[in-house]
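In the order they appear, the protein sequences are chains B and G. Heads up: take any position in the first sequence, counting from 1, add 14, and you land on the numbering used here. Heads up: take any position in the second sequence, counting from 1, add 14, and you land on the numbering used here.
No wet-lab data here; the hints were simulated from the structure. Check each hint, because a few of them may be wrong.
All copies of an identical chain are treated as equivalent in the list; a pair is satisfied when it fits inside any one copy or across any two copies.
Each computed SDA-like pair below joins lysine to any residue, with the alpha-carbon atoms no more than 25 Å apart [stated by the list, open to error]: (1) K220 - Q49; (2) K283 - L87; (3) K290 - P80; (4) K288 - R210; (5) K86 - K242; (6) K64 - L298; (7) K86 - H157; (8) K45 - P178; (9) K107 - Q236; (10) K290 - S82; (11) K280 - P52.
Just so it is clear, the structure is predicted and the values come from calculations on it, not from any experiment.
2 protein chains.
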Amino acid sequence: MKVIGIDLGGTNFAVGVVDEQGKILAKEQGKTLVQEGPDAVIKRLNQAVKNVLSNYEVEAIGVGCPGSIDHKLGVVRFSPNFPGWHDFPLAEKLSLETGLKVYVENDANAYALGEHTFGVGKGYDHIVCLTLGTGVGGGVITHGILLRGSSGIGAELGHVTVMPNGPTCGCGAKGCLEAFASATALKRFVQEGYERHKDSLLFHGKKPSEVSPEDIFRCAEQGDEFAKSIISLLTDALAVAIGSFVNIFNPQLVILGGGISNAGEKLLKPVAEKVKDHVLPSMLGTFEIKLSKLGKDAGILGAASIVFERMNKT
Amino acid sequence: MKVIGIDLGGTNFAVGVVDEQGKILAKEQGKTLVQEGPDAVIKRLNQAVKNVLSNYEVEAIGVGCPGSIDHKLGVVRFSPNFPGWHDFPLAEKLSLETGLKVYVENDANAYALGEHTFGVGKGYDHIVCLTLGTGVGGGVITHGILLRGSSGIGAELGHVTVMPNGPTCGCGAKGCLEAFASATALKRFVQEGYERHKDSLLFHGKKPSEVSPEDIFRCAEQGDEFAKSIISLLTDALAVAIGSFVNIFNPQLVILGGGISNAGEKLLKPVAEKVKDHVLPSMLGTFEIKLSKLGKDAGILGAASIVFERMNKT
Chain B
15 MKVIGIDLGG TNFAVGVVDE QGKILAKEQG KTLVQEGPDA VIKRLNQAVK NVLSNYEVEA
75 IGVGCPGSID HKLGVVRFSP NFPGWHDFPL AEKLSLETGL KVYVENDANA YALGEHTFGV
135 GKGYDHIVCL TLGTGVGGGV ITHGILLRGS SGIGAELGHV TVMPNGPTCG CGAKGCLEAF
195 ASATALKRFV QEGYERHKDS LLFHGKKPSE VSPEDIFRCA EQGDEFAKSI ISLLTDALAV
255 AIGSFVNIFN PQLVILGGGI SNAGEKLLKP VAEKVKDHVL PSMLGTFEIK LSKLGKDAGI
315 LGAASIVFER MNKT
Chain G
15 MKVIGIDLGG TNFAVGVVDE QGKILAKEQG KTLVQEGPDA VIKRLNQAVK NVLSNYEVEA
75 IGVGCPGSID HKLGVVRFSP NFPGWHDFPL AEKLSLETGL KVYVENDANA YALGEHTFGV
135 GKGYDHIVCL TLGTGVGGGV ITHGILLRGS SGIGAELGHV TVMPNGPTCG CGAKGCLEAF
195 ASATALKRFV QEGYERHKDS LLFHGKKPSE VSPEDIFRCA EQGDEFAKSI ISLLTDALAV
255 AIGSFVNIFN PQLVILGGGI SNAGEKLLKP VAEKVKDHVL PSMLGTFEIK LSKLGKDAGI
315 LGAASIVFER MNKT
């Protein structure tokens, strides 16, 4: 069986034909151009679907989309990245265009399904997934099922409080994990510290706005105190949050994905060490923290796995 | 169908015959006397079971027991309140004595099942339960199933971090919910503040060690600043934790039980108000926080509901 996975972002989209082993047989990427309105986006997605389907037949389409999604109806209730998409019947519209059955899921949930179906979470019934990107997304599989919650908007793991009265998060609350462990947060730490740390390695040849998460990890490893302090804020916050997730879900695996996780062991090692201070003694040894291996196609694979998950159920 | 529920605590136990409506038809209570060893405890439980069964026939026994429980085998792996009960086959031993099938569950999980079967959580598939007693226990029903986690020790909601570097919790970590929202924590706040607040209403005729949670709520309502500051610590911590639970589980209901919840609206109102600052805007209006109505028999009812839950599954 082959399916199509669509990773639909506010800026870019990617469409891929995926087989049951998670191999991507054909792929096309493009600009979403949200400003042209939902119908234009649907047309663009349909064209990309047509292109990748030239040599393949598929069962259905899975779409991972940020925001609040009614996964049963395939409706985008609202999505900060898609202004104007209020109660937009994405599945229905795309299905009409393509002639294929379409399933839609929140992108972080799709990511967790992808880890469960094709990634390091394969074979595990209890996994907690974090995507450390522009924001912090979360997805949870507990007892083998995707945790969506009563109205389908649960598993917002980026918005647990790790520091009451900490920095204000994009959501309006204070001290969320996302306010420490996202690329946005790292950028803010760099900007805020610039005046006091002008001599930091981070600013050798770069303006504050040009400093990337990779730069921070690299400079921290070279001993730069300011960079080290930012990495500490990041890893402390992650350790507090993951400790709570472990005590709550008693998972077998915690999986770190998203751009910041490209730091690899430089991220994983301090987090794994610090988490020990935040879990119950009885939890020690019951879980592992791993880096995602889905790579750049995590979005397509997650979206494709939506179809495999739904079809397994029926 | 009638069943027996046993609320097995480290100090006291209670045994009741419970019908499908949650009515307690017969009840017996006693001292656990853990120090006499597990076999003596089993014998005492068996005698109590015999006594309540004089007029009734039951299907099976459910036991709610603190600690780390293997719910499949009915084995107490370890329990801080039952020293020496390492890998103790409670279900098997009690079944041999009573001749009845015995199911065992962690007491906080049993409590959540009780709320789901007989309490304010009846009819809801997504509930988060907190018992605010000597410690803080947690139980979660998500998508209609009890969240036990991969090794059965999950839903330890009392041990999420609400304040990194906060007071040290009994578990060894810092700033757990339990370190703010348990009777033990309130006692500690009273003791620690005594020297600076000797003129507080709390100490009019009482030694610090004699001050109860009820006293603190009462004096806070009378305007006592020290009592109010303690209630603030309690309600702030609960709001932070509940906010995270809502963002994680997207539940329909959060239920507060245990001794501290006897404060009723004096607890519920400030917590419900403060929680709004810690949930995602999209979560507002999707959940309610309610006080448990199971009362003093919550333990027996929770234990009885273990049987109803297991039998529904088979």
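Results for each hint:
Taking the shortest alpha-carbon separations for K220 and Q49, neither the intra-copy value of 32 Å nor the inter-copy value of 68 Å comes in at or below 25 Å. For a Cα distance limit of 25 Å, the shortest separation of K283 from L87 qualifies neither inside one copy, at 41 Å, nor across copies, at 36 Å. Proximity of K290 and P80 under a CA criterion of 25 Å is satisfied inter-copy only: 23 Å between copies versus 32 Å inside one chain copy. In this assembly of identical chains, K288 and R210 lie within 25 Å of each other by CA distance neither inside one copy nor across copies; the values are 27 Å within and 35 Å between.
In this assembly of identical chains, the alpha carbons of K86 and K242 never lie at most 25 Å apart, being 45 Å within a copy and 46 Å across copies at closest. Proximity of K64 and L298 under a CA criterion of 25 Å is satisfied in neither setting, with 50 Å inside one chain copy and 41 Å between copies. In the homo-oligomer, the alpha carbons of K86 and H157 lie at most 25 Å apart both inside one protomer (20 Å) and across protomers (14 Å), since each shortest distance falls under that limit. In the homo-oligomer, the alpha carbons of K45 and P178 never lie at most 25 Å apart, since the shortest distance is 38 Å inside one protomer and 42 Å across protomers.
For the homomeric pair K107 and Q236, neither the shortest alpha-carbon distance inside one copy (52 Å) nor that between copies (61 Å) is at most 25 Å. Taking identical chains as interchangeable, the C-alpha atoms of K290 and S82 lie at most 25 Å apart only when they sit on different chains, with a minimum of 19 Å there against 33 Å within one chain. When the C-alpha separation of K280 and P52 is checked against a cutoff of 25 Å, the pair qualifies neither within a copy, at 41 Å, nor between copies, at 49 Å.
Of the numbered hints listed earlier, those contradicted by the structure are 1, 2, 4, 5, 6, 8, 9 and 11.
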